[in-house]
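*Asks:* Now for the letters of each chain:
Number of protein chains: 2
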Amino acid sequence: MKIILIGAGKLGNQLYKSIISNKAVKIIQWVNRSAKKNETSEGVSIVKKASNLDNIDLYLLAVSDDSIGTISGSLPKDAFVVHTAGSKSLNTITQKRAGVFYPLQSFSENKDVDFSKISVGIESKILTDINLLKRLAKIIKASVFEINSQQRQKLHLAAVLVNNFTNHLFVEAAEICKKNDLSFNLLKPIIQETFEKIETLSPQNAQTGPAIRRDENTIKKHLKLIERPYLKSIYKLFTSAIQTKDEK
Amino acid sequence: MKIILIGAGKLGNQLYKSIISNKAVKIIQWVNRSAKKNETSEGVSIVKKASNLDNIDLYLLAVSDDSIGTISGSLPKDAFVVHTAGSKSLNTITQKRAGVFYPLQSFSENKDVDFSKISVGIESKILTDINLLKRLAKIIKASVFEINSQQRQKLHLAAVLVNNFTNHLFVEAAEICKKNDLSFNLLKPIIQETFEKIETLSPQNAQTGPAIRRDENTIKKHLKLIERPYLKSIYKLFTSAIQTKDEK
Chain A
1 MKIILIGAGK
11 LGNQLYKSII
21 SNKAVKIIQW
31 VNRSAKKNET
41 SEGVSIVKKA
51 SNLDNIDLYL
61 LAVSDDSIGT
71 ISGSLPKDAF
81 VVHTAGSKSL
91 NTITQKRAGV
101 FYPLQSFSEN
111 KDVDFSKISV
121 GIESKILTDI
131 NLLKRLAKII
141 KASVFEINSQ
151 QRQKLHLAAV
161 LVNNFTNHLF
171 VEAAEICKKN
181 DLSFNLLKPI
191 IQETFEKIET
201 LSPQNAQTGP
211 AIRRDENTIK
221 KHLKLIERPY
231 LKSIYKLFTS
241 AIQTKDEK
Chain B
1 MKIILIGAGK
11 LGNQLYKSII
21 SNKAVKIIQW
31 VNRSAKKNET
41 SEGVSIVKKA
51 SNLDNIDLYL
61 LAVSDDSIGT
71 ISGSLPKDAF
81 VVHTAGSKSL
91 NTITQKRAGV
101 FYPLQSFSEN
111 KDVDFSKISV
121 GIESKILTDI
131 NLLKRLAKII
141 KASVFEINSQ
151 QRQKLHLAAV
161 LVNNFTNHLF
171 VEAAEICKKN
181 DLSFNLLKPI
191 IQETFEKIET
201 LSPQNAQTGP
211 AIRRDENTIK
221 KHLKLIERPY
231 LKSIYKLFTS
241 AIQTKDEK
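Residue numbers (my numbering), protein chains in the order written: chain A, 1 to 248; chain B, 1 to 248.
It is possible that some hints are incorrect.
Copies of the same chain look alike in the list, so a pair counts if it fits in one copy or across any two.
To be verified - Heads up, simulated BS3-like pairs for lysine-lysine below, C-alpha to C-alpha not over 30 Å straight-line:
1. K245 to K48
2. K245 to K221
3. K138 to K220
4. K224 to K10
5. K221 to K77
6. K245 to K134
7. K236 to K220
8. K36 to K26
9. K178 to K224
10. K178 to K2
11. K111 to K125
12. K245 to K125
13. K178 to K138
14. K179 to K49
15. K179 to K236
16. K77 to K178
17. K245 to K111
18. K2 to K221
19. K23 to K117
20. K26 to K179
21. K36 to K221
22. K37 to K178
23. K245 to K138
24. K178 to K17
FYI, nobody ran anything at the bench for these hints, they're computed from the structure.
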């Protein structure tokens with residue numbers, strides 16, 4: 001399989017590392033506008049703009065959501081062009097042979113990701129093209145599931161909740177610890193338990209704490225302890241939301 | 001060590017199971033108002049109210065926050081009486097020999113907890129009493145740290161954020177999945193990554209997603225996709241909170 005990889009952000013870099021480490025896929029070019037070299041240490045040609053080459057099986061776009069349309073428009077009309085975005089429709093790709101290859105994961109700059117622990121949501125406009133995406137996922141050892149654009153956008157929203165928003169709660173908790181001379185590490189076991197619990201219980205059944213047991217004294221005390229206005233709003237909103245779910 | 005364990009809720013049950021499984025501590029009585037038997041299968045006497053016995057090293061209260069004062073008031077004045085609550089001051093215990101034994105964990109009814117993975121925050125009014133609490137923690141294989149009542153209350157607040165509120169985000173995400181014919185299991189790897197990340201990055205540096213990269217298109221799209229008013233408020237609030245943190 002010959003591909004051109006477009007994009008060198010967090011996802012682009014992780015895809016490059018993962019694909020280059022095996023021989024079933026050859027990266028013919030890597031579009032990387034910030035690189036200062038013409039070639040990677042593995043001998044892949046680095047370019048500012050993808051060439052119009054014959055025999056490219058797949059143009060894989062790991063670019064910002066807003067550039068997908070423009071970049072797709074600059075690529076050959078008969079190419080198989082695939083984006084990797086959670087919340088962009090398949091139709092953002094202008095080619096007839098459009099596809100989506102969405103790794104459901106949060107990519108960070110200083111942490112390599114193990115694709116064998118990732119599921120990739122795939123979609124293709126032309127039915128038979130799905131097989132190439134399945135092969136690519138298999139090659140980088142990711143598991144794979146078919147999903148349409150509407151479902152994928154909802155899944156992306158859910159991923160924002162469980163990843164970005166959960167991480168923000170960690171940020172707030174870390175700040176409380178810091179201000180009170182407590183190590184954030186003290187919270188690691190309960191964080192671990194939070195994630196482990198949902199292996200055996202539904203999130204709804206796993207809920208505990210002052211909100212669900214309607215412990216008004218503790219809730220009032222916590223609201224008094226909170227200094228940051230944002231956190232006070234978060235505390236009130238989650239307490240109401242947890243109690244409303246409980247009533248259903 | 002001879003103790004009377006008071007309380008048979010989620011924590012009381014876990015403490016009973018953990019303490020009974022070793023021989024260094026003897027539970028003389030277990031105050032369990034909902035039990036229908038007079039004795040546990042391990043031969044521990046079950047009572048409705050603690051007896052005033054000689055030679056009890058420790059009265060361990062695993063009861064609701066609001067009952068600590070009353071129950072403490074009914075126990076011998078010279079006893080060592082210890083509560084297990086996150087947000088109650090040491091002084092809620094009326095005895096001179098007051099103490100706190102706070103396992104920083106979330107306890108569920110249908111899931112046993114491994115105390116060897118838990119840290120217990122301890123405090124005692126009389127300096128030398130701390131050693132008994134250290135011994136008890138060691139016996140149930142928990143790790144231990146000393147913490148005063150003010151710090152403990154802040155830590156409890158932080159624990160509510162990382163456990164209860166995180167779990168509520170899982171509840172919301174599970175609902176989105178259910179409504180869109182998606183398995184919640186698809187989110188497990190990104191949930192796993194969310195807490196693995198903070199092993200190597202600070203929560204602040206681990207933040208990703210539409211809010212922190214100020215991706216207004218995706219944020220608008222997500223707000224349109226959200227049906228539940230509570231979730232819409234949560235989404236807006238977290239987006240602002242993440243962006244405000246980022247500016248600091």
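*Asks:* Now look at each hint and say whether the structure bears it out.
*Replies:* Verification of the hints:
no.	hint	verdict
1	K245 to K48	neither (51 Å within a copy, 34 Å between copies)
2	K245 to K221	both (23 Å within a copy, 25 Å between copies)
3	K138 to K220	neither (52 Å within a copy, 34 Å between copies)
4	K224 to K10	between (40 Å within a copy, 27 Å between copies)
5	K221 to K77	between (63 Å within a copy, 28 Å between copies)
6	K245 to K134	neither (39 Å within a copy, 40 Å between copies)
7	K236 to K220	both (10 Å within a copy, 24 Å between copies)
8	K36 to K26	within (22 Å within a copy, 70 Å between copies)
9	K178 to K224	within (18 Å within a copy, 37 Å between copies)
10	K178 to K2	neither (50 Å within a copy, 38 Å between copies)
11	K111 to K125	neither (33 Å within a copy, 45 Å between copies)
12	K245 to K125	neither (39 Å within a copy, 41 Å between copies)
13	K178 to K138	between (44 Å within a copy, 27 Å between copies)
14	K179 to K49	neither (49 Å within a copy, 41 Å between copies)
15	K179 to K236	both (21 Å within a copy, 26 Å between copies)
16	K77 to K178	neither (55 Å within a copy, 38 Å between copies)
17	K245 to K111	between (36 Å within a copy, 22 Å between copies)
18	K2 to K221	neither (61 Å within a copy, 34 Å between copies)
19	K23 to K117	within (20 Å within a copy, 43 Å between copies)
20	K26 to K179	neither (51 Å within a copy, 40 Å between copies)
21	K36 to K221	neither (56 Å within a copy, 36 Å between copies)
22	K37 to K178	neither (42 Å within a copy, 48 Å between copies)
23	K245 to K138	neither (40 Å within a copy, 39 Å between copies)
24	K178 to K17	neither (36 Å within a copy, 34 Å between copies)
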